[in-house]
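> Sequence:
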Amino acid sequence: MRHQNLNRRMVYALFCLFVTALNFTSCKKSDPELSDLTLKNSKSQMAVGPNALLLDVNANADAAFDAYNTSFLVTSGNTQYYKEALNVSSKDYFWRQALDIQMVEDVYLRTKSAAHKTLITNLLNTFLQQNQGSGSLYDWDWNDYNDDLQWAGIAFARGYQITGNTTFLNQAKYAFNRSYDRGWTTELDGGLWWDVSHQDKSGLSNNPEMILGCYIYEATKDITYLNKSIAIYNWVKSKLYNASTGAVYENILPNGTVSSSANVYNIGAFVGAANHLHRLTGNSLYYDDAKRSVDYVRNNKTVNGILTNGTRQGTWQSEFVRALGEFVRDNNLWSTYYTWMKQNADAAWSVRRTDKNLIWNTWTANTPSDNITTALECVGGVIMQQVTPITQPAGIVNNSIYRLSPKINANSALDILGTPIGSLAEIWQWNAGPNQKFKLISADYGYYRLVPQHNTNASLDVTGANPANDTPIEIYTTQNNNSAQLFKLVYDYDGYYKLKPKCAPSSCLNVKANNPADGAKIVLWQEANGDNERFSLSMQ
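Mature numbering (1 follows the signal peptide of the UniProt record, and there is no 0) puts the sequence shown at residues -21 to -1, 1 to 519.
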């Protein structure tokens, strides 16, 4: 089979060479398209290459996390947790500890470090041990606040995505189901109460529940969680969301009075939920709502562009900057928001306490050199460094032609074996053939079609729009609204991207079996944070 495959390749390569030569000789020297393309290729070969831009090592992100651990992480064997403050050795409280752990999960998504994965495992196992109720190790019913359960549930759901530990997934489902069952009522037309005493229905008790439901749906494909998340979203929009400005209000009281407060913490959780729902459903309504809220914060909740807060011992920016990073990465919005993100990352770093490298949540004043600084008030500064690359990612230039090289073999490229419809995608040593070049065409809202340059009537396609693992990737006749041909190219740090199809948003294009050899097939696979699902892009 390999000899036959090689023979087919040789014939095909000669054909491509002939076509290229024919096209070249038919162009006039003054042809502006030829001149521009030649210049573009010249620049690409000299400056871009498959690995030339993969230098996104963020020293500040590493230093901020290391400093945080030095000051707050308590370790005794596999028992690991974050203490409450510099001068308080006891564990950070339930929901606060959950937010601390989510910060570590943000770090892992940037680094993919085995050590960070182990830390997450230890933190979550310790959390279970330290917070068990009278019922069992997994009983959190003693905690009356639904948002507390939700923040912890998100930490466990993300922990499952990172580690594959089903105990973490089960605990995430417990948190969602328990808070939903005791929180959702028909009073005020739906929505979840903040606590068991029914003080109010708030953004705090609804926005995180949506995020948690989305994570569980991604992991289980149980549509119940997605449907409940959508129902909660619709309630929040009808009661707490200002569709004109993007503000998200604090709460609604039992008598129907709505608070006019719109804090960044709540808005951040809403943006995270809206972006996650857009990722899973492709519904542009969620994208538009998320962007409106991001812009509301940018224009109304900053001091000269800086996200800053004067309250000690609490978080403020953390949920927003995480959601901002996700929204920008998912939708290739670097040209819109990177300068603002970098402004805030640099501002936060500039006010750090230099003897400890700790960053509090007031990014317009120096971090105090005292001993009462809490772990929670330093979370946002660490996250801001994680989600902001050290240099602006090049992003994707619409209607430009790219080579896509898998991280596991930078000398190869995404490659189509053959011209006919149904020809399969694989990797092959880079030879600059048109079957290794793809025009990326924007389909709006962060989606792109990938058109192979040896058959421009076709697009890269998930065979049969089948979301199952191991589904082959092929080329198929272009159909503009076909979800199997629409991909999000999600920036995954260090210059790499993941290709996530609209028809299977929890999955990625994957070099099968992590095989770097010529002819290794490209298939669909559930996202697993492996190098075989990471591709560099270089413009041709």
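These aren't lab readings, by the way, just hints derived from the structure by calculation. Bear in mind the structure is a predicted one, so any value in this text is a computation, not a measurement. A couple of the hints might just be wrong.
Restraint ranges, calculated between C-beta atoms of paired labels, are given here [to be verified]: (1) Asn66 x Ile420: 37 to 43 Å; (2) Thr290 x Asn156: 16 to 22 Å; (3) Ile420 x Gln371: 33 to 39 Å; (4) Ser240 x Leu403: 31 to 37 Å; (5) Lys335 x Leu403: 53 to 59 Å.
Pairs of lysine-lysine, DSSO-like flavour, derived with a Cα cap of 27 Å [unchecked claim]: (6) Lys335 x Lys321; (7) Lys62 x Lys91; (8) Lys96 x Lys416; (9) Lys418 x Lys96; (10) Lys207 x Lys218; (11) Lys418 x Lys335; (12) Lys321 x Lys91; (13) Lys418 x Lys500; (14) Lys477 x Lys418; (15) Lys200 x Lys91.
Glycine residues also receive a C-beta, built at the ideal position from the N, C-alpha and C atoms.
> Hints first: check each against the structure and report whether it holds.
Verification of the hints:
1. Asn66 x Ile420: 37 to 43 Å: With a Cβ separation near 57 Å, Asn66 and Ile420 fall outside 37 to 43 Å, so the hint is violated.
2. Thr290 x Asn156: 16 to 22 Å: With a Cβ separation near 33 Å, Thr290 and Asn156 fall outside 16 to 22 Å, so the hint is violated.
3. Ile420 x Gln371: 33 to 39 Å: Violated, at about 22 Å.
4. Ser240 x Leu403: 31 to 37 Å: violated (55 Å)
5. Lys335 x Leu403: 53 to 59 Å: Given range 53 to 59 Å: holds, Cβ gap about 54 Å.
6. Lys335 x Lys321: holds (22 Å)
7. Lys62 x Lys91: With Cα atoms ~25 Å apart, Lys62 and Lys91 stay inside 27 Å; holds.
8. Lys96 x Lys416: violated (36 Å)
9. Lys418 x Lys96: Given that 27 Å is the threshold and the Cα spacing comes to 36 Å, the pair is violated.
10. Lys207 x Lys218: holds (17 Å)
11. Lys418 x Lys335: violated (48 Å)
12. Lys321 x Lys91: holds (22 Å)
13. Lys418 x Lys500: holds (21 Å)
14. Lys477 x Lys418: holds (17 Å)
15. Lys200 x Lys91: Holds, because 25 Å separates the two Cα atoms, which is no more than 27 Å.
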